[in-house]
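Chains as they are written, first to last, in full-length UniProt numbering: chain A, 1 to 412; chain B, 1 to 412.
Hints are computed from structural coordinates only; laboratory data are not their basis. For clarity, every value in this text was computed on a predicted model and none was experimentally measured. Errors might be hidden in some of the hints.
Copies of the same chain look alike in the list, so a pair counts if it works inside one copy or between any two.
[What the hints assert, rightly or not] Here are the simulated DSSO-like pairs of lysine-lysine, each with C-alpha atoms no more than 30 Å apart in a straight line: (1) LYS219 with LYS23; (2) LYS290 with LYS232; (3) LYS219 with LYS86; (4) LYS247 with LYS295; (5) LYS86 with LYS232.
Number of protein chains: 2
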Amino acid sequence: MKINSQRLWKSLMDMAKIGATEKGGNTRLALTDLDVQGRQLLIQWANEIGLSVRYDAIGNLFLRKSGIADFAAPVVMGSHLDTQPKGGRFDGIYGVLAGLEVLRSLHDHQVQNYYPIELAVWMNEEGARFTPAMMGSAVFTGIFDLQQVLETTDKSGLSVQSELNRTQQQGDLELGRKFTAYYEAHIEQGPVLEQQQNQIGVVTGGQGILWLDVQTTGKAAHAGTTPMKMRKDSMVGTAKMIVALEKMVWEKFPDGLITFGEMSIANSSRNTIPAQIKWTIDLRHPNDQKLLAMKEQTHEILVFFAKQNDLSVDIVEHWHSPATYFDSVLINTVRESVQELGLSHQDIVSGAGHDAINLAKHCPTTMIFIPCEGGLSHNEAENITTEQAQHGADVLLNAILKFDQQRLAEAS
Amino acid sequence: MKINSQRLWKSLMDMAKIGATEKGGNTRLALTDLDVQGRQLLIQWANEIGLSVRYDAIGNLFLRKSGIADFAAPVVMGSHLDTQPKGGRFDGIYGVLAGLEVLRSLHDHQVQNYYPIELAVWMNEEGARFTPAMMGSAVFTGIFDLQQVLETTDKSGLSVQSELNRTQQQGDLELGRKFTAYYEAHIEQGPVLEQQQNQIGVVTGGQGILWLDVQTTGKAAHAGTTPMKMRKDSMVGTAKMIVALEKMVWEKFPDGLITFGEMSIANSSRNTIPAQIKWTIDLRHPNDQKLLAMKEQTHEILVFFAKQNDLSVDIVEHWHSPATYFDSVLINTVRESVQELGLSHQDIVSGAGHDAINLAKHCPTTMIFIPCEGGLSHNEAENITTEQAQHGADVLLNAILKFDQQRLAEAS
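This is chain A alone, in the form it adopts within the complex (with noise of 0.2 Å):
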């Protein structure tokens, strides 16, 4: 079976036209006045197709096709609308509309479903507007708590609560309810499928990802008067540092990443030698055994360096978010669907945080990525073709059809 490729890019532009910036991305903060038209059209979509309309306390947004085991916890695919502020068209919309399609097919073809399938649209993934991101799965999941999350504010001190008022988007569905599968079809927001020219990714799960504060601390000193064996250098060192710390990682682990976002140079002038530095390293990988040795091998260079270099290091975990593993019956749906289909594929794991991540840890998960241009996302020149829209949303409903099906025949 395969959805309809013109209605979902059809739908797509049509949603794209909603908060639409001129340089022909988009800005839909989550729980704006554009947020909720986005969500309406959406809503009027559904009605066309007879899906119910649910809401949960987080103003998480449920669309429902009722199945034969209508008592069963359903099948869920979904995603987000809210963007970044002057974002692109497709970041969580593409996931959202793909859901919507394959709701659609199955109702072009009549298809009796056994398990309820629902398009989730959850709230605020973004975290533009109130942060944290991915806020109304992570109150879903129970990884956030709802009362904290709903006196979060934003910049004009409007809070969570007083906006889902506002514009009517709290309910009372159960959260934290069971769901027997959830699926989140999502652009790529990376270059590697593109640059393999594969067609899809299927997503075996999310990295692991520590956050590392370090500071160096050397002497401060005039660059005119001080012989350069007499320095106690933390630019020199911190320099050192990162290159050995690069090269640990492509030489020890090869599917390992490795950032350095930010760096300050506490009172630095051109000429005096940088007394004391804060940066940042940013470390992931698909393992977490892995991430760990990662860790601890960056700790060792750290320090072999600090003291080779005269150097004190302070070295702080600001954050460590383990590596998710996504369900295996489902990602076989996925790659069983992509072989039928005849598309290209490679395994991937996410890179970017994803309400899949959230999902993950609440029932068995999975998701299906497309190429995007360039790998751009989070930008107004985000893209993909009709073609590559139409893949992802054909392998979501072969996948959410395959899994029906088995445990139909399991269940008979």
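Got chain A; can you put chain B on it based on the hints?
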């Protein structure tokens, strides 16, 4: 002949009371009431030994002891009385009061000097209130334009001209008049003499300085979704450049210095690969040819690593100050005096800027360095011992006498 060590130290301590800071330092910014109080105390001391008092159009102050050949261009000692905000008690002040002590000692011993001998107090050496630094000596030697400098304003909008009027520090003594010789005693402001346990630094010149502004540009990308091999990571590239540049100076330029004092990442974020980094390189060498060779090799290294790491690099020459070579005759009067006084010593090159660097473009010039505690300067904790103060002034006295007597012998 030796100076009166106790009298010198008492004068240093009396001067340090004017603008004293809580932590034992001094704040006397140029042409403030405190700066003028310092000058008035000096003039009071000058009057006690019959020195004449004159000012030029930029507020440089000259105290003069007549000579047998009073028509001849004077032999001049000098430095400055202004300080950094929360600066030290000796930077500049030591050179002025060592000069005063030389004149007092000549007066004590009723020495009939051949040349007139003057003590110069240069206006605004520090550049802390009015920029740039070394203002008075630069105007005197014609490096800066008088009118332009007079119109320079401080942060509150007050001009040099208005402050010269208010404080009555302007006179009509000719700018750029001929000097027979210029000697400046100064604390080293670096750690070399202390570390080498030498009592005197025979200063042979000033380093050449080259300031480069560098910008390394790669591509911003998501730390989680961009594989290592698809990155254009300007931070890793910049770190490799810094490591290679420091190695180059260590291995090929034993007397060279390299410092990376400033660095800023555009739109930095912990989980974004840095796209654009602006940073600075401060290159120094006492030999101009070597400095230019350092610059060329710096360019080569930057271009090499930019290419290797798929980055672009922009290099702008921000400032170039060629090396200064002090006068060999004057250097010899210092070296011989040190030897006759039995003081431990070494040749040294000035790493910091001094009025003497400007004067060297105008007349035969040299400097005498004494150690300072921990090499610390521009700091309230700046410190020297009474013995260190004495040694420098003894050398200054004997070098001046030697110069005067050599010329007297030649003249007769």
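Each hint, compared with the structure:
1. LYS219 with LYS23: between (48 Å within a copy, 20 Å between copies)
2. LYS290 with LYS232: between (33 Å within a copy, 24 Å between copies)
3. LYS219 with LYS86: Result: close only across copies, 19 Å inter versus 43 Å intra.
4. LYS247 with LYS295: Both, since 14 Å and 28 Å are each at most 30 Å.
5. LYS86 with LYS232: between (44 Å within a copy, 24 Å between copies)
Against the hints set out earlier in the document, no violation occurs for any number.
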